[in-house]
Amino acid sequence: MSQGHDNPIHHPEVQMSSSRGYFTGFLISLGLMFLATFLVASGSMPPFGLLMVITICAAITVIAQIYFLLHLDISEHNIWNTVSLVLFIPLFIITIGLTWWMFSQLYLRTMPMMPGMGMH
Amino acid sequence: MLVPLAGGWNPLLGRLALDQIPYNNPILAPLFVVVALGALALIALITYYHKWGYLWKEWLTTVDHKKLGVMYIIIGLVMLFRGFVDGLMIRTQQVWANGPDSSGVFGAVHGYLTPFHFGQVYSAHGLIMILLAATPLLVGFMNIIVPIQVGARDMAYPYLNALGLWITAAGAALIMASLFIGDFSHNGWFGYAPLFEIQYSPGVGVDYWIWTLELLALGTSLGGINIIATIVKMRAPGMSWFKLPIFTWASLSANIIALTSFPALQLALALVASDRYLGSHFFTAGLGGNLMLYTNLFWIWGHPEVYFVILPAFGMMSEIFPVFSEKPLFGYITMVAASFAIAGVSWLVWLHHFFTMGAGPEVNSFFSIATMLVGIPTGVKVFNWAFTMYRGRLTFSAAMLWAIGALFLLLVGGLTGMMLAIPAINYMVHNSVFVVAHFHSMLLVIVYAVFGSVIFWFPKVFGFKLDEYWAKVMFWLFSAGTVGVFVPMYMLGFMGETRRLDYVFNTAWHPYLVAEEIGIFLYCLSVVAFFVLLYVSIRDRVKNQVGQDAWGTSRSLEWLTHSPVPFYNFAVIPHINERDEVAWRRQHGLVQKQPEKYLDIHMPNNTGMALYIGALTFVLAFALTWRIWWLCLGSLVAIIALMIVRSFQGDAGYIIPAAEVERMEKEALAREARIQTGAHPLPAGGRPVPGEAIAYERQDKL
Amino acid sequence: MSAHSSTDPKTAVLWDTHDHGHDVISTRTFGFFLYLLSDGMIFATLFAAYGVLSYSHSYAAGPTPASFVHPWYTFLQTVALFLSVLAYGMGMGGLKRGSKSGLLSGLLAAFVLGVVFLGLDIHDMMDLADHGITIMTSGGTSAFIFLTQTHAAHIFFGLVWIAVMILQVMIQGFTTDTVGRLLSLRMFWHMQAIIWVFVYIFVYLWGYMS
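Line order of the protein sequences matches chains A, B and C.
Numbering follows the working numbering, with no gaps: position 3 of the first sequence is 3.
If you want the working numbering, it's the position in the second sequence, counting the first as 1, plus 120.
If you want the working numbering, it's the position in the third sequence, counting the first as 1, plus 822.
For reference, chain A alone in the conformation it holds in the complex (with noise of 0.2 Å):
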């Protein structure tokens, strides 16, 4: 507990961040945002595969952003972060995931549901 005397500013979190890294980031996420926000006003796609290129979007830039503005990965600096962002990330997937499927299937069986009508 006796790291008061250290610099702050010489400890490794602070020196891992890098402007680059930044700039990098900023890029591919605006230029995937105007992509997906292109495609979508347009509506120059069927429906389908847009939603399948803007979840592409939307995971590439999540991807890019958590490598480069959070800086996760494997380093020892980084590694409790990283582990405990993998253990999270099944947990959103199986909230999300699970219920949609119970409720689709709920709705199935309750909701008179005309064709085209479903989820979107």
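Don't read these hints as lab results, they were simulated from the structure.
Computed from a predicted model, the values in this text were never measured in an experiment.
Each residue gets a CB set at the ideal place from its N, CA and C atoms; glycine is no exception.
Check the hints yourself; a few may be wrong.
To be verified - In silico SDA-like cross-links for lysine to any residue, where the CA-CA straight-line distance does not exceed 20 Å:
(1) B/713 with B/593
(2) C/832 with B/706
(3) B/717 with B/777
(4) C/832 with B/794
What the hints assert, rightly or not - To give an idea of the interface, some chain A residues facing chain C are shown, with a C-beta separation under 8 Å as derived from the structure:
(5) 24
(6) 28
(7) 65
(8) 73
(9) 74
(10) 79
(11) 83
(12) 84
(13) 86
(14) 92
(15) 99
(16) 101
(17) 105
(18) 110
Once you've looked at the hints, dock chains B and C against the given chain A.
Okay, now just chains B and C, sitting in the frame of chain A:
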């Protein structure tokens, strides 16, 4: 934006008015007098003995994890008592209000509780037992034991730890306030949509329920972060993952569950609040709301929560069995794996709370199979405990009896749980008291483990043992009560008694209800035995003093330091060589070996800030309940302002010089030696409390 | 138990006599990251609720996101937020060099851009309210508005925090406490960008599509 209210409202006091005080209620008004007199007597006693300063300096502003843990346990025991009284009221109502000929008093047609009041009693019983008895008791033990077991001086964030305690205390205070100001929810502890919507529950009861749960969820999440970070970041040198004591492993898996699942509860209740305050349509029956969505969101938290409370109880049992079998824990690795398997699977089973929703065979089958999977790691644990005892040198001390009782109950509760995991059976007994009996068996596993731990770790915290004779008397009375209440309840469940009946129509069930009433009477006797146990133990505290290894056969790191544990835990942090470090040191005659030199110790300062913020969260929750908007805004701003002030102050902590550490250690070792020789080591009137026996008087400010 | 014979008791080290201490900063940032993940779980649950409440019947024959979302308007919010996150990152570059002015200008820019984001969001909500679309309209709009405004509330508290940090660094300089908080705030602010990606793609754009 705000929804219109049924009753009166004024800008100064919100919905609060004199007619909300139940001064003419024949049950609550006398109770209020008793509580008020008790509080006055307590204040008078503290003033008479000039203990306010001591209380403030040593307890209310403390950041010491042991004292915070003790306060958690006190909250837990007090609320366990309140929840027990609620249970007693439920049982008495049912045995009384049985059949059309049964009499009624106090405005009730049958029995002595009106349906609305009965609804509040069972709702409060459930909420209190799970979130204000089981949870604080377990969090208290994790608070006390985990930092010592990993060889740390305190939690990773001592201030946050105090904050968690005071927010939990605010939640307890809020639900107690609902007794005498307004009323409590009558929707069951988990809430029924859309019954809790403002049209159907126009009073403040549901609002009390929402904000109590929100406070408790917040407090527990903060505690969860703290314990995980303590285990990950604060382990003593040499303590690799597979040398971690088993209770610490159990705490880690449990707190991972807490951290991941409590947000779901916070959100579910925020959405209920949004419906009730802002008029949104999340769980309404019309306008696109979905009432089953609430049930879904609640149990996303609700089922992991069940394992959050059971896993530390398993950890406690895993500590108690080896010590009283004089053998190492059988299957340590599988025990750890089983804890994490249970934690993982806990996320895949929540739909079994509402199989009857009708989500279809695929969904029900998935959740049914996942639920049955829980039986595998739990079975591994049961066999591990059995093999730990097998061919061991068993001592049937009181702590061991409680642990064995927990093991039996786990079998009963676990096997009935397997029955309930089958949707076909579940449809039959859904909402019956069979389910109630099942989860009471499981939750009693926790109560048994907690009482076992109270006896097991009491000498570590206070420096003297609890009286064995009265602890055993309490155990047998309590177990007789368990049989008396819950065996008939299983039977009634199969006969078709549904849960939460304020009036039991079938007179053929009367003998069973009487048996349950006898059972709850035995529980009452065990409560009396507990008070006698405390009285006798404190009276004989000098005689029952113990040294660092209270049981003589203990294994994990907390037994390496003095009893009671000094406030800095270890004079010098031990270097860990083996999994059961203390057992290993004892085996090689190293237990008495002291460090050659002492070092300066860095400790965090006490602070009143956590207490202030906790009190303000109570004010905020109370103001939200009664819709006193100016007070909501004021307390919220005050909370944020205090947090900012605290961030500017920071805490540099203070240093105990090595010479001072050496002096205190000498004192503690001399005390230890006196206990060995049987001399009476306590000064007359000395009261051992955690960290006080050799407390360090600091010259600087406090 | 093979573990019981691996250490020689005669030579074993029993006490840690060169108290190595704990890394205060990374202990704090780890705990804060755990908090952020649990906060992420709040959003995951909220997305689950939104998924259930975004079927066509959830809007009770009222307006759906397809009729009230304007992709290019919300794209402006995206630009503002990403720029704000970038500015914060540049500020952290200043911290890395030990430059107080570099850090403060980065934080200030992040603050201003965050205010722009929040202003655009509030304007959007006012506009919806003018068209009679509020949290009270239907289950679907309840979920839409609650989800997007929960994110906005995070931005609001992030802005308060940035303002506090600007003051704190000006007064106290770079201490263990302030640097630790700057690192935690960095994770908080970047996390808001990550969550915004999900909000933008799956609530705004997907809602507009259907």
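Legend entry - Closest C-beta approach of residue 73 of chain A to chain C relative to 8 Å, hint status: With a minimum Cβ separation of about 14 Å from chain C (threshold 8 Å), the hint on residue 73 of chain A is violated.
Legend entry - Evaluation of the interface hint that places residue 74 of chain A against chain C, nearest CB under 8 Å: violated, 15 Å
Inset, instruction - For the hint on residue 24 of chain A, just tell me whether its beta-carbon gets within less than 8 Å of chain C. - result: violated, 10 Å
Legend entry - Holds or violated: residue 832 of chain C to residue 794 of chain B, with C-alpha atoms at most 20 Å apart: violated, 29 Å
Inset, instruction - With chain C as the partner, please determine if residue 79 of chain A meets the hint condition of a C-beta pair closer than 8 Å. - result: violated, 10 Å
Legend entry - Supplied contact hint for residue 105 of chain A, tested at 8 Å Cβ to chain C: violated, 12 Å
Inset, instruction - For the pair we were handed, residue 717 of chain B and residue 777 of chain B, check the Cα-Cα distance against 20 Å. - result: holds, 12 Å
Inset, instruction - Grab the minimum C-beta distance from residue 84 of chain A to chain C and call the hint holds if it beats 8 Å, violated otherwise. - result: Holds, because the Cβ-Cβ distance from residue 84 of chain A to chain C comes to roughly 6 Å (cut-off 8 Å).
Legend entry - Residue hint residue 65 of chain A, partner chain C, criterion CB-CB below 8 Å: At 5 Å from the nearest chain C Cβ, residue 65 of chain A passes the 8 Å test, so the hint holds.
Legend entry - Hint check: 8 Å Cβ-Cβ cutoff, residue 92 of chain A to chain C: holds, 4 Å
Legend entry - Hint status (Cβ of residue 28 of chain A to nearest Cβ of chain C, threshold 8 Å): With a minimum Cβ separation of about 10 Å from chain C (threshold 8 Å), the hint on residue 28 of chain A is violated.
Legend entry - Per-residue hint verdict: residue 86 of chain A, partner chain C, C-beta under 8 Å: violated, 10 Å
Taken one by one, the earlier hints fail for this structure at numbers 1, 4, 5, 6, 8, 9, 10, 11, 13, 16, 17 and 18, listed in ascending order.
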